[in-house]
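> Chain by chain, the residues run as shown.
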Amino acid sequence: MKPDDRDLVAQLCASRSGQKIDPAKDYLLETRLGPVARREGFESIADLMTGLRTSREERLIWAIVEAMAAGDTSFFRDRAAFEHFRLVLAPELAQGRPDQPIRIWSAACATGQEIHSLAMLVDDMAGQWPEVRFELYGSDLSERALEKAQSGLYTQFEVQRGLPIRSLIRHFEKVDDMWVISPQLRQTIRWRRLNLIGDMSRVRGFDLIFCRNVISGMIEPARQRVIENLTASLNPGGKVLFGADEDVVTPGEGLRPVDGALGLFALPSADRAAA
Amino acid sequence: MRTCLIVDDSRVIRKVARRILEDLGFDVAEAADGAEALSWCRSTMPDVVLLDWNMPVMNGLEFLRGLRMEPGGKGPKVLFCTVENEVSAIREALESGADEYIMKPFDSEIVAAKFALAGLT
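Those sequence lines, one after another, are chains U and G. Numbered by our numbering, the letters in the first sequence go through residues 1 to 275 in order. Numbered by our numbering, the letters in the second sequence go through residues 1 to 121 in order.
These are calculated hints, taken from the structure and not from any lab test. Accuracy of the hints is not assured; some may be wrong.
Said to hold, decoys possible - Derived pair list, reagent style DSSO-like, types lysine-lysine, alpha-carbon separation capped at 30 Å:
hint: 1; chain 1: U; residue 1: K148; chain 2: G; residue 2: K104
hint: 2; chain 1: U; residue 1: K174; chain 2: G; residue 2: K104
hint: 3; chain 1: U; residue 1: K174; chain 2: G; residue 2: K77
As the list claims (entries may be wrong) - Counterexamples of contact, computed for chain U against chain G with all Cβ distances above 12 Å:
hint: 4; residue: P3
hint: 5; residue: D4
hint: 6; residue: A10
hint: 7; residue: T31
hint: 8; residue: A46
hint: 9; residue: T50
hint: 10; residue: P91
hint: 11; residue: E131
hint: 12; residue: S151
Glycine included, C-beta positions come from ideal geometry on N, C-alpha and C.
Sequences are here, hints too, so could you generate the full structure?
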C-alpha cells in the first residue's frame, strides 16, 4: 500500500472513530480493505483509494473506517472476566437493586460473542433471582459486525473458540453447517450502532459496561473521550470493565479501580456520592 | 509431564494432533482404534484422551463407556474429536462421560481452547 494511501486511512480512522492505525501492520490494511474494495466495485485497494480521494463520499469513508475497526473476538474471551461477572458482579447487582432492571452494555460488541456470552450466563443464573430482570445491550461502530451479531449465526469454527460444549447445545441450534443462538436468548439483547467518541448524551443508566480491548487501539484524545462517555453513561455505583492488560492511566471523573479485579473501575454509589 | 492418548484411525490426524498436543506440553501416545486404546489405558492410564468417534474394531463411544468402567477410568479427561456434529451425537457423548467435544476440522487454536475449557492448560 502506498504511504500516502496508508496515511489517508490512518487520518480518517483517527478523526472518525479515534482508531490508531499501526503503520507497521500494512498487511492488516490489505486484509481489511481488500473486501471493501471488492464490495464497492473497485478492482484493487489502490483504485478504492483513488475513488475515495476523488469523491470523499461519506458512505465510502465509513466503509473503510468500519472495516478497520473490526475486532477479533470469541465467546468467553478472557475467561476470568466472565467468572468475575458470574461469581461477583451479577450477584452484587441482583441483590443491590432487585426492584429495577439491571442494564448491562457491551460497548464495542463486534460480532456479538461477548454480549451473547453474558446472555448465556444471565440465562444460566436466572433461577437464582427470579424477580430480577437483566437488560442487555450491544453496540458497535460497524454496521456489518452488528448485522452478524444480531443474526446470532456463527460458524462451527467460531462456536469452538471459547464456548463450552454444554453451553453450545443448551443455547444454540444447528442450522446446516452453522450454529444459531436460541431465539429466546436473542430476544433479550437490544442492538444499536454507536460511535464511542460521538455524542452519547442520550446513552445513560447502565450498571455495568464491558469495553475491553477498545481504548488500547485508540489515539490519546479519543481514549479520554471514550472513558468520559462511558463514565457519563453509568448509574451511581456502576462499573466499567476494560481489558485486563489495558492501561487506563486517567480514568473518568469519579471512576476508581476496583481492588482485585483487573481492568474493573467503579463509580461511587449514590450513598457515598452524597456523603 | 502429562500424557495424552490420541485415538484415531487416521495416521494423518494423529500426526497433526500430536504436533499440537506436544506444543501444549503433553507427552503423546497413539492408538488406532478403541480396543487398542483400552488396552493402553489398562496398562498406563493417561491424563487425557483425544478421541475419534468412527473407528474400526471399537468405536469411540464404546471405548469411552468401557474406559469409565475400568479401575481408575473415571480419571482421564476425554475430549471427543470427530466429524459427528449433530446435537444428538454431542448429547450422547456427554451422557457417556465425555468432558469436551471438538468438531472436525480442527486447528491448534480450537484444540488449545477446548483443552483450556476442560481445565487441562
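> Tell me, in ascending order, the numbers of any earlier hints that this structure violates.
none
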